[in-house]
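J.: Heads up, the sequence shown is in the working numbering, so the first residue is 23 and it goes up one at a time.
Hint data in this document are derived by calculation from the structure and do not stem from the laboratory.
A couple of the hints might just be wrong.
Below are the DMTMM-like pairs computed for lysine to aspartate or glutamate, each with C-alpha atoms no more than 25 Å apart in a straight line [said to hold, decoys possible]:
no.: 1; residue 1: LYS63; residue 2: ASP102
no.: 2; residue 1: LYS142; residue 2: GLU108
no.: 3; residue 1: LYS146; residue 2: GLU163
no.: 4; residue 1: LYS251; residue 2: GLU240
no.: 5; residue 1: LYS275; residue 2: GLU183
no.: 6; residue 1: LYS83; residue 2: GLU108
no.: 7; residue 1: LYS244; residue 2: GLU270
no.: 8; residue 1: LYS83; residue 2: GLU67
no.: 9; residue 1: LYS279; residue 2: ASP178
no.: 10; residue 1: LYS78; residue 2: ASP178
no.: 11; residue 1: LYS251; residue 2: GLU163
no.: 12; residue 1: LYS78; residue 2: GLU138
no.: 13; residue 1: LYS279; residue 2: GLU240
no.: 14; residue 1: LYS84; residue 2: GLU108
no.: 15; residue 1: LYS53; residue 2: ASP64
no.: 16; residue 1: LYS275; residue 2: GLU248
no.: 17; residue 1: LYS86; residue 2: GLU70
no.: 18; residue 1: LYS146; residue 2: ASP102
no.: 19; residue 1: LYS86; residue 2: ASP178
no.: 20; residue 1: LYS89; residue 2: GLU108
no.: 21; residue 1: LYS86; residue 2: ASP102
no.: 22; residue 1: LYS86; residue 2: GLU241
no.: 23; residue 1: LYS142; residue 2: GLU70
no.: 24; residue 1: LYS142; residue 2: GLU28
no.: 25; residue 1: LYS63; residue 2: GLU138
no.: 26; residue 1: LYS83; residue 2: ASP102
no.: 27; residue 1: LYS63; residue 2: GLU80
no.: 28; residue 1: LYS142; residue 2: ASP263
no.: 29; residue 1: LYS275; residue 2: GLU138
no.: 30; residue 1: LYS53; residue 2: GLU67
no.: 31; residue 1: LYS42; residue 2: ASP64
no.: 32; residue 1: LYS84; residue 2: GLU51
no.: 33; residue 1: LYS251; residue 2: GLU270
no.: 34; residue 1: LYS89; residue 2: ASP178
no.: 35; residue 1: LYS259; residue 2: GLU183
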Amino acid sequence: MENTTEVANMIQSMMERTIKAEVELAKAEMKAEMDRENLRKDYGEFYEALARAQAKFENPKKTKLAKGKSYDWTYSSLADILAATEPHLNAEGIFFSQHTRFNSSGLGTTVVVITELMFKNGLKISQESHPLNYNLNMHQEARSKISYLRRCAATDILGVEGEEDDDGQFAALEAAQANKSNNTRNFENKSQKTQNVATEKPSVSTTPSVKKEERSAEEILKSGIERAKSVTTDEGKAQLDQLIGQWEAMPIKDAIKAVSAYVRQQLDIVAN
23 MENTTEVANM IQSMMERTIK AEVELAKAEM KAEMDRENLR KDYGEFYEAL
73 ARAQAKFENP KKTKLAKGKS YDWTYSSLAD ILAATEPHLN AEGIFFSQHT
123 RFNSSGLGTT VVVITELMFK NGLKISQESH PLNYNLNMHQ EARSKISYLR
173 RCAATDILGV EGEEDDDGQF AALEAAQANK SNNTRNFENK SQKTQNVATE
223 KPSVSTTPSV KKEERSAEEI LKSGIERAKS VTTDEGKAQL DQLIGQWEAM
273 PIKDAIKAVS AYVRQQLDIV AN
């Protein structure tokens with residue numbers, strides 16, 4: 023009889039503990055869901071404030087002039103970028119901040135810039151730049167690289183345009199080459215009609231033109247790589263060799279854009 027009572031008490035105790043645990047779990051799940059909902063509301067408030075600030079942004083003035091070998095271009099300093107955006111951010115309770123982080127490995131030291139937009143409710147949006155090689159012994163170049171990263175990161179996270187885009191130069195060159203190829207194809211077609219070669223299949227007349235376009239794109243990429251080599255310092259040649267390998271593995275149009283961005287970056291660093 024005593025054993026039966028003990029077993030009954032144990033079962034009751036286990037049931038009570040189980041019920042209590044289930045209640046606590048349900049409360050914890052409800053709290054977690056409420057926290058998630060509050061976080062969504064807080065971020066919603068943050069995004070609304072950022073949208074209001076961005077609606078008042080104007081593209082920064084481009085007060086800096088950089089001179090390349092074949093062309094000049096203008097760009098905005100970090101001060102120009104912040105002058106056009108920071109007052110509107112602050113008016114909405116948003117704080118702009120940047121700091122650097124250095125990483126060392128067997129290949130050397132790299133630097134990245136972390137850019138943050140922090141809201142008055144404690145939330146923040148954070149963005150990390152791509153890394154650049156950093157040589158402490160070359161102070162001017164090192165400072166220029168950080169300055170470049172800070173400007174690019176600021177325009178990216180704020181959604182403003184900070185410099186003229188020279189990607190169009192490569193695109194224009196590619197279009198010109200393609201147009202030249204089309205003209206060649208038209209001339210070939212006219213010649214074929216004159217010679218009454220009407221039995222040729224379309225593929226026979228179009229294939230050479232496609233090859234001409236491919237060669238033209240390859241020439242553009244080759245020219246861009248040579249330009250990249252000419253603007254790269256001795257310190258950066260090892261990294262450039264790695265990049266060239268990556269570019270050559272890319273689709274041709276993506277590679278042309280990547281080379282253009284690299285050249286612009288190097289010229290920008292020199293300009294500082």
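J.: Which of the stated hints cannot be reconciled with the structure, identified by number in ascending sequence?
T.: 1, 3, 8, 17, 20, 22, 24, 27, 28, 29, 31, 32, 35
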